[in-house]
Amino acid sequence: MSLRFVTVRRNDPDFDGYITGDFSSTERAIPISSLNIKSQSNFMTFKIVAADEKKPTRARIVWEGLRPRLLTITVTPAALSLMIMSRQSMPIHWVLAITSLLGLVFLHLSVFLLNDFFDYYRGRDQVHRSRGSRIIQKGWATASAVRFWGFFNLALGVIFGFPAFFEKPLIVGGIGGLAVLVILGYSNLKQGLRDIGLGEILVSVCLGPLLVMGYGLAVSNSVSAPALAMGIIFGWMSSLIFQLKNLEEMITTYQNRTRTMIQRLGFDRGKKFIALQLYALPIVAIVIFQFVELGILLSICSIGLFFTCYWLARRVCHADSPMSSILSGIADEMAVLHLKNAIFFSILLFPPIA
Amino acid sequence: MQKSLKDLKVYSSSDFPSYLPKLNALYDDLFSGGKGFRSKLIQMVSRHLSLKNEAVYLLAQTIEFIHNASLLHDDLVDRSSLRRNKTTAWLKYTPEYAVLAGDYLLARVMVNLSEFGNIRLIQYTAEMISDLLEGEWIQDSLVGEWNVTLEQLNQVHNLKTASLFKWCLRAPFVAQETYDEDIHQLLDEMGGLLGLLFQRSDDLLDFNVRNYEGKAILGDLKSGYMNSFAAFLLQDCEEALRLKFKKAQSLDEVKLLVTPDLFERRLQEFDQVNQESIDLYLHLMEQLAQALPEKEQGLRDDLIKLPHPLYWRKR
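Chains as they are written, first to last, in this note's numbering: chain W, 1 to 354; chain X, 1 to 315.
Here chain W stands alone, though its shape is the one from the complex (with noise of 0.2 Å):
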């Protein structure tokens, strides 16, 4: 059977329907991929395919919109501050803990989901092509299904979020508003904190401490010291996630003149100051453990840091290029490596009891 294409204007009325997907139920549009990143193109051109042909399982479906394992990135520190609050016997509201925890896990999914589908929508997925789950690239599911589970967990977060927000009106509404900003900021606005080259450190700060500071407020009205220093080093951790993926996709954002921090730095520079995280990371974690109490228990977690840090630290040493097999997929090693460390704590943590 012989392929059909379709050329959509990005102003002709039909545009939408092909973008989302709702211009037909038998058949998908999948854009054509572009190598020409240097212009935004007027017009779109799509590939039809049959809606069924060579669509996996509705569940692996879910599992790779989802991307359940980058939950870590915004679960860990909560969870763990959790954890860390209940051994200090610190005074806890566990309907708000626990409301909080699921809309923070809502929310999370939603911020994935509809950055997948915005980033498909302004054609941003043309450029960073191994970015986001890409279901909708590949016919997997339509944008605008897309569309609407990014929009329903968000009503889910919000859900759940309220009983935290009746509650501390102040505190919640603040910290909230406060990351709203940073994410508008971060993707939205037209010079982007991202493509000013801040991106990582707002990423370091959201995901770690003050992510920490709004639940520990929101559930126990006190921040707890060594929740703090924990939520330091896992936002440091997403913050190099981040950082990895910038140096493998360095390539790309170069030709599309998007301004990372590490594209700032250039590929030599920008891979010294990676290692040089990696080598920190580790040290810093126990060093300022000692300060906190739980100190020692927390020093003792550490400890797994090490190898792989070093392990990975070596690798980005080692690179010639961004395009070098020593960093392909290290980004992704490295958000294991956070997925892991979350377990290994939560075991050395658990129970979470005095």
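Source of the hints: derived by calculation from the structure; they are not laboratory data.
One should not assume that every hint holds.
Listed next, the in silico EDC-like pairs over lysine to aspartate or glutamate satisfying Cα-Cα at most 20 Å (straight line) [what the hints assert, rightly or not]:
hint	chain 1	residue 1	chain 2	residue 2
1	X	Lys305	X	Asp202
2	W	Lys47	X	Glu276
3	W	Lys47	X	Glu151
4	W	Lys138	X	Glu286
5	X	Lys247	X	Asp103
6	W	Lys47	W	Glu27
7	W	Lys47	X	Glu145
8	W	Lys138	X	Asp236
9	W	Lys47	X	Asp202
10	W	Lys138	X	Glu269
11	W	Lys138	X	Glu151
12	W	Lys47	X	Asp271
13	W	Lys55	X	Glu269
14	X	Lys314	X	Glu276
15	W	Lys47	X	Glu269
16	X	Lys246	X	Glu145
17	X	Lys40	X	Glu296
Position chain X against the provided structure of chain W, taking the given hints into account.
Just chain X now, kept in the frame of chain W:
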């Protein structure tokens, strides 16, 4: 007097200083024997536009100068000993002369284009040279990389090979001062596809597939470079197999390593992927035909003939 385009010869020794005999001798060797495919493409496109012969000649010369400059540098970087069945310039005339001769060609390009006076053409040409060099640089960094993916190679080939094809399609329009955004975007996509098809077909020759010209085989593999078909062939293969693959000395050895069945199956899949690119090219060409004015419609009939022989060769 208007230059005739019949038997267009992009290189004439009178274009270069007569007091540099070695340079002229080097260019005599370099420019003889090439097929001049890119300059023919320029002529094919220009034929349908209202360009003077001088302009077409300039464009044809420009693309051949840039292409040959890249060959001079490429052969030195790759330490190749043969080009068009002749000893490469860096071996015959020293590496220093090869570098200087390549640089000189690029400089002549800029001088000639400046005389023509279209600043957008100069800018576009400079961007193309810059893309070409970026591609060369990245490709060189991939020597010895055995886990490279087709996606990564597409990026390299888009810079290194396709940039010249895009230029061939677009430069005549720029020279004619047609700056319609849609036309240029479509030509850019189509040129990119032609470049990828050309490169992939060339990469297949390395595995003796449709190698009707009898080119030397496994050259890329032996020089440590994983080309697009090798990357496609080894996708999902284990590290151990890749290690054995890079040491293969003959095509039989390659086929035995991956099994002849898998080799054939992957070849069919590779052809299918590229046939899809041909179909896409033809679709984009129809879009282009809608954007072109009536008097330039003849371009469609010429462009339609390009991708099939470019990829499938004599089939």
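Self-check item: Structure versus earlier hints, numbers of those that do not hold, lowest first
Solution: 4, 5, 7 and 9
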